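Chain order of the listed sequences is A, B, C, D and E. Going left to right, the first sequence walks through residues 2 to 356 as my numbering numbers them. Going left to right, the second sequence walks through residues 2 to 356 as my numbering numbers them. Going left to right, the third sequence walks through residues 2 to 356 as my numbering numbers them. Going left to right, the fourth sequence walks through residues 2 to 356 as my numbering numbers them. Going left to right, the fifth sequence walks through residues 2 to 356 as my numbering numbers them.
For the record, the hints were derived by calculation from the structure and aren't laboratory data. Please read these numbers as outputs of a predicted model, since none were measured by experiment. Incorrect hints may appear among the rest.
Given that identical chains are not distinguished, each listed pair holds provided it fits within a single copy or across any two copies.
[As the list claims (entries may be wrong)] Straight line, CA to CA, 30 Å or less: simulated DSSO-like cross-link-like pairs of lysine-lysine:
#1 K55 - K43
#2 K315 - K205
#3 K351 - K291
#4 K291 - K353
#5 K353 - K55
#6 K55 - K100
#7 K205 - K291
#8 K291 - K315
#9 K205 - K351
#10 K205 - K354
#11 K353 - K205
#12 K100 - K315
#13 K100 - K354
#14 K291 - K55
#15 K100 - K351
#16 K291 - K100
#17 K354 - K55
#18 K354 - K291
#19 K43 - K354
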Amino acid sequence: MPFETFPPPGSPPGLLEHPTGRETHPSRLRLIWYNADSLEEKDDATLADVEAYKNRPGVKWLHLEGLQDLTLLENLNAILCCFHPLALEDVVEGRAPVKVDDYSNYIFIVNRLVTDLVEYNDEQISLFLGHDYLFSIQETHTDHFTILRERLRRGSGQFQSQGPDYLTYTIIDFLVDSWFPLLENFGELIEDLEDRLLVQPDGKLTIELQTLRRQMLRGRRLLWQVRESINNLLDNEGSLIHEHTRIYLRDCQDHAFQAIDLLENYRDIASSLIDIYLSSINNRLNEVMKVLTIIATIFMPLTFIAGVYGMNFKTELSPWNMPELSWYYGYPFSLALMVGVTIIMLFYFKSKKWF
Amino acid sequence: MPFETFPPPGSPPGLLEHPTGRETHPSRLRLIWYNADSLEEKDDATLADVEAYKNRPGVKWLHLEGLQDLTLLENLNAILCCFHPLALEDVVEGRAPVKVDDYSNYIFIVNRLVTDLVEYNDEQISLFLGHDYLFSIQETHTDHFTILRERLRRGSGQFQSQGPDYLTYTIIDFLVDSWFPLLENFGELIEDLEDRLLVQPDGKLTIELQTLRRQMLRGRRLLWQVRESINNLLDNEGSLIHEHTRIYLRDCQDHAFQAIDLLENYRDIASSLIDIYLSSINNRLNEVMKVLTIIATIFMPLTFIAGVYGMNFKTELSPWNMPELSWYYGYPFSLALMVGVTIIMLFYFKSKKWF
Amino acid sequence: MPFETFPPPGSPPGLLEHPTGRETHPSRLRLIWYNADSLEEKDDATLADVEAYKNRPGVKWLHLEGLQDLTLLENLNAILCCFHPLALEDVVEGRAPVKVDDYSNYIFIVNRLVTDLVEYNDEQISLFLGHDYLFSIQETHTDHFTILRERLRRGSGQFQSQGPDYLTYTIIDFLVDSWFPLLENFGELIEDLEDRLLVQPDGKLTIELQTLRRQMLRGRRLLWQVRESINNLLDNEGSLIHEHTRIYLRDCQDHAFQAIDLLENYRDIASSLIDIYLSSINNRLNEVMKVLTIIATIFMPLTFIAGVYGMNFKTELSPWNMPELSWYYGYPFSLALMVGVTIIMLFYFKSKKWF
Amino acid sequence: MPFETFPPPGSPPGLLEHPTGRETHPSRLRLIWYNADSLEEKDDATLADVEAYKNRPGVKWLHLEGLQDLTLLENLNAILCCFHPLALEDVVEGRAPVKVDDYSNYIFIVNRLVTDLVEYNDEQISLFLGHDYLFSIQETHTDHFTILRERLRRGSGQFQSQGPDYLTYTIIDFLVDSWFPLLENFGELIEDLEDRLLVQPDGKLTIELQTLRRQMLRGRRLLWQVRESINNLLDNEGSLIHEHTRIYLRDCQDHAFQAIDLLENYRDIASSLIDIYLSSINNRLNEVMKVLTIIATIFMPLTFIAGVYGMNFKTELSPWNMPELSWYYGYPFSLALMVGVTIIMLFYFKSKKWF
Amino acid sequence: MPFETFPPPGSPPGLLEHPTGRETHPSRLRLIWYNADSLEEKDDATLADVEAYKNRPGVKWLHLEGLQDLTLLENLNAILCCFHPLALEDVVEGRAPVKVDDYSNYIFIVNRLVTDLVEYNDEQISLFLGHDYLFSIQETHTDHFTILRERLRRGSGQFQSQGPDYLTYTIIDFLVDSWFPLLENFGELIEDLEDRLLVQPDGKLTIELQTLRRQMLRGRRLLWQVRESINNLLDNEGSLIHEHTRIYLRDCQDHAFQAIDLLENYRDIASSLIDIYLSSINNRLNEVMKVLTIIATIFMPLTFIAGVYGMNFKTELSPWNMPELSWYYGYPFSLALMVGVTIIMLFYFKSKKWF
């Protein structure tokens, strides 16, 4: 639910301002420079570092964690000279749709890292891909990409010898693959709900299922956007994405597809669980109604017979007034009558297949 | 609901007539002339003013508030020489779909300013974009665009140095961004309904939810049209829209997308709230039925037993006639019988997991 | 519902025969000849008139009302030399889909005039548009187009100075605009149903709503075809439709869109009314069940207590046999017991929020 | 339901074998040769006849009824030299989708003749269209195309003077038009169900409706395929289909469209009938519940009062013990009490608008 | 349900590792070399065999069953020199979507062999199609393709004389045709459920139906992918697929279409069965409620009357106190009263058409 406020209509575009109500995180700049042979790394890079490495041949990966320090972002922009103010606004606002915008000498990519699918937490990851650099920005201070830096440092594989487009692929692939642990978690949740639902159908479970289903709808919309955005990258006709990387992006798209497929399966399961629940509730209501009807149908005539023989007509005044009361076997007769009625009723229910 | 009447079929096209049943507002013409360096402004411009500024180099923004004075509109048309009568009819009728019509030397744009999403009030905003002017018309007398004029006057940013296409973008962006406060309001309404629904499910809430959902459907249809119309502007091959402005229009399209996404989320929430309500109503009915059945199932046999011992068979006439009545422990025996039946019933319900 | 029979499969194509079961109307031919300056009119034109005017420069509008006289149609065809037999068959059968068929030297247009949306009555209007003539055919004898002839006679506006393509536009525009009074009528019907539904939900109203919804589905399908067919006219690459008329056709398409939008709104309203009705029925059932359960739950124990003290155990034989009956305050005690049970029950219901 | 077995996976393609479980019909070959002036016909043609007519100028129509004699088919194939084995397999298996396959020197067309829509019986009609011949094959021995041969023999119209493509059109048109009697039959069935449903809603009718709806879904899928396949013929770029025939095929497509439209209307009606039935069932349940509740609510208090005055407290032991029993007007008082309770109840129900 | 874990996000691409939790099968390599005239076969081929046959003219079919021995796969890759690491990863992971990836000198095809549709078991089949070889890999050790090898060995037909693209077609055709026995099995299951549902509607059957429907959704998604992937093969512009094979692939696509059509039919049946079940449950509930209401409505007044005459008002104290008790025909009168009430009730129910 969007508690952050949007800027009032009519605000000028391209303003670098934090949305009111959004928590900001302290900024930290990481700089990694590498080519096929060597790699240099600055964990807390300064603007001077950026200036120093800027024109050095090789791939520069600038990674900004946390957006508290907007001046830093503006200065970086001045050094890198210069991203479109609308792109920078998208970075700071953190609620741009997943997309790929081509500004000819750089590509601006917005993607999201979903960190929780049940509570739906996500974070915008923005990428500026240039010819020899990647400038990536994340909203929070959490270090998501340690594992990627590790891989880069190890120097194994082709990672280090590829350009910034391959680095971009690696990050997008990371974002797509981050869906799988969430989806596995989701699958376990649904299976757990299924088990509980079959043991004892309870209305609260459907509320949970409905909520899960809603999140799945949301996740699916997001995943389709992700797929679409990778498609846009593949269709990009500029020279920023090399043929070699395209094959990897295609693989990444397959992964997105797999995630969508999993999600669709879970949605099917959730939907059929809700249907099963509804029909089991219906069954239960039927069963309850049947018990009620059987009990009522059996005891109402019996109580009526007992009521009749409880009437106080004066037997002594007339032979017509309840002579049964004075019969020698009056009471056994009345009991037999009741048993007879009961047996007839039971046969009736049997013929109706009520039990 | 359309209380205004449509012109009878067969009416000639291009008639400038107020739809019967529509309230009109007094007309007021604002004229702003600006170039990169200076800006002149006439709050109650006359036709003479328009004539005077018409051929002066720089951007002319003519803004007409209120459509009561149709002669004024016709005279303006004569001076600006000349818009298509069908476009003018669309302006006056105020119920054209959101669209972009390209008349080669000007573009006619229809958009809507939604001022209330719950009650669904909106107003048509019509724009004629020429090479050096923008002629914008709104139906009501309310001054919506103060904030834009402010930005223009301040002269900060690029606003003043851009052409009328950028001004057009600014207005469309204003219209799109006007959705967000409405949507936030909507979100609060839905959240409020959710809270009330979980505390005490009440049928009236679903009626409110259904009405909200209907408005959302309407809003979504409108927003898709808005998105589509911006797309048409982006695809426009004429020279009226500059490359520089296109990037801003693309951003505007992202905003429209964001609004649609919010709306979709609210729709999901509203749908699942209705489903949750229905299943909680179902649960409640089940619970009520269970209580009824338990009570009836327990008390019917008991009342029957009491009824039996209330029969008036003459014990003195026969040892077979209700000898229990004369037992020393007859009454305790009957009470014990009742307790026994109750216990058996409770065990039965327990085994059925009814409580 | 199609009571008219279709020709048996295997019938040769292009047969001019009235569908069995269709009521036919007497034929009447109107001929209007006009150019920018003058206009001549024959209300009951003969074939000779058609021959006479055939080669005269200017626009010829032949309008055939009623299809009883098929020979007349065939003779006209011979004079106008010659329409495709399949097109003529479509005219006579009167159940062709809304469409635009381009036969290079003329365009064959099928549209429908819906005269009642609630009972769903419509009539096929067929148009043959040539370079200097329009041949229009309607099924019934009713004079639908008086208003158009009036406009033509008045000579005001551009109508008279335009070609037959503009005349075609005028007729299509008339057909599209004919939807609006029907839709307004529809809107009033739905509003009326809404009012009645909120006052007293009644099953018969849903049947009416379902029927309206079905008609709306049908209307929507037809309107989409109309929109599509205007699109086909706009896409037509021949020289029969002039650029000037295209703008008007585009406007006509906007009107069709408006009609679809209105219809969609009504559909949303009808759907949510049905949902509201269903949930109010559900509520009512719940309420009824609650009253039943409360009454039963309160009175069953009370009746049981009264039953117990109505048992006839012999108090004189044993101090254990219903000593309460001999208590000094036995009766008040039993009444107090009943009141006590009632109060406990009421508290229980209160705690369950049943009232 | 497919009781015929499919060939096991891994079977070689192009095998000419009857599907196990399919009933086969004795084969009979008809040969018609015609040109604009004359026509020759062999009702039980032999392979020698085929050889004889093969190279004679004019149109050859070979029609094979029944597929029992596969050798005949193979020999015909050898003489006509030669169709693709996969196409022949499709012919023999009789379950190919409706389609148009272009093998450059001939077109292979698969269509279906639906003979019963309620029970869903259909039969595959396969056509091989060459430059001067049409080879058509049907599965059963029934003579479907007498009427077409009649038309051909009569020599009236253009039929005889056109090529085999026109003959192909005639057959496809026959297949499409065969839908209409079925659909009319369908419409009567639905109308009949509607009448019965409004008189007395019965669960069995919904089962029938559901079954009809399922058949309609199936029919609609098939009709869309038919429409699509005619589209493919129209898009065919080879020289086998002449321009003249295309116009007729377009008309045939209109017929398919009409059939789809009818089917859609029936589907709408069936759907709304089911909805109406469900809501009338709901209404009835409500009504039943209301009667039950009213009866129970009125009689439970009354029975309770009667029960109270049936208690056996000893009035002689205490003035507190049911003094009412000894009142002079005790019994009328108790009856008045009961009447009073009943009146209050009735007012309560009135205020709740329960009747 | 995916119990196998996905590799953690950020893992390098192209890793050849078994997914944790997946059971692996021992590897076995089959090599078949053939040309139009001769065929050689090695059932347990070694790397040396592969080396030996590698450059020999003719078609080489390498088939790897079981993926336990990843070194074997890597060595094969080295000899065949070389497939893309991402493709190899897809092979080993076994959860790539059904697809066709064109790597210019070979085509990588992923398809699935569904071995059980009810429990949903499937297995990935991966194919590398080169100019003179096909390298196929299956996950399990089961020998699926015996029948294909048989056909190849028999040398009949065109199989042996075609290239590896025809072999590829044969395998894909096998995979598609494998759906049919499963679907037939499915159809029997659904028919069986239908029979049981009509005899005795039971909630458990709907659960089964829901589960089947879910599997059908899954199967349909997969079949559409299969259809799409064959489409991709047909659209492939490289020289690896010959024109001759394309016709066979088109036939294979028809088969996929047939399977989808069957699946759609089963889905329709399953859906309407569920609807029928729900409405029969509804009917039953109605019937139960009616019996209950009839019983209650008849016996409540009767019991009330009996209760009244069971009251203990002292007849001796007042002539107003229940004089009926002392009437000569008091008891018959009361019984007659009861019978009268019952008859009135029965007439009332009759008029309401309750039985």
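Hints and how they fare:
When the C-alpha separation of K55 and K43 is checked against a cutoff of 30 Å, the pair qualifies only within one copy, where the shortest distance is 14 Å, while the shortest distance between copies is 51 Å. Proximity of K315 to K205 under the C-alpha cut-off of 30 Å is found in neither arrangement, the shortest distances being 60 Å within a copy and 54 Å between copies. Taking the closest pair of Cα atoms, K351 and K291 come within 30 Å of each other both inside a single copy (12 Å) and across two copies (17 Å). Taking CA atoms no more than 30 Å apart as the test, K291 paired with K353 passes in both settings, with 11 Å inside one copy and 13 Å between copies.
For the homomeric pair K353 and K55, neither the shortest alpha-carbon distance inside one copy (87 Å) nor that between copies (71 Å) is at most 30 Å. Taking the shortest alpha-carbon separations for K55 and K100, only the intra-copy value of 27 Å comes in at or below 30 Å, while the best inter-copy value is 42 Å. Taking the closest pair of Cα atoms, K205 and K291 come within 30 Å of each other both inside a single copy (25 Å) and across two copies (18 Å). In this homomeric assembly, K291 and K315 never come within 30 Å of each other (Cα to Cα): the closest approach is 41 Å inside a single copy and 38 Å across copies.
In the homo-oligomer, the alpha carbons of K205 and K351 lie at most 30 Å apart only across protomers (21 Å), although the nearest pairing inside one protomer, at 36 Å, exceeds that limit. Proximity of K205 to K354 under the C-alpha cut-off of 30 Å is restricted to the inter-copy arrangement: shortest distance 17 Å between copies versus 33 Å within a copy. Only between protomers do K353 and K205 lie at most 30 Å apart by alpha-carbon distance; the minimum there is 17 Å, versus 34 Å within a single protomer. Neither within a single protomer nor between protomers do K100 and K315 lie at most 30 Å apart by alpha-carbon distance, with minima of 96 Å and 91 Å respectively.
Proximity of K100 to K354 under the C-alpha cut-off of 30 Å is found in neither arrangement, the shortest distances being 62 Å within a copy and 51 Å between copies. For a Cα distance limit of 30 Å, the shortest separation of K291 from K55 qualifies neither inside one copy, at 81 Å, nor across copies, at 76 Å. For the identical chains of this complex, K100 and K351 are neighbours neither inside a copy (66 Å) nor across copies (55 Å), given an alpha-carbon limit of 30 Å. Neither within a single protomer nor between protomers do K291 and K100 lie at most 30 Å apart by alpha-carbon distance, with minima of 58 Å and 54 Å respectively.
For a Cα distance limit of 30 Å, the shortest separation of K354 from K55 qualifies neither inside one copy, at 85 Å, nor across copies, at 71 Å. When the C-alpha separation of K354 and K291 is checked against a cutoff of 30 Å, the pair qualifies both within a copy, at 11 Å, and between copies, at 16 Å. In this assembly of identical chains, K43 and K354 lie within 30 Å of each other by CA distance neither inside one copy nor across copies; the values are 80 Å within and 65 Å between.
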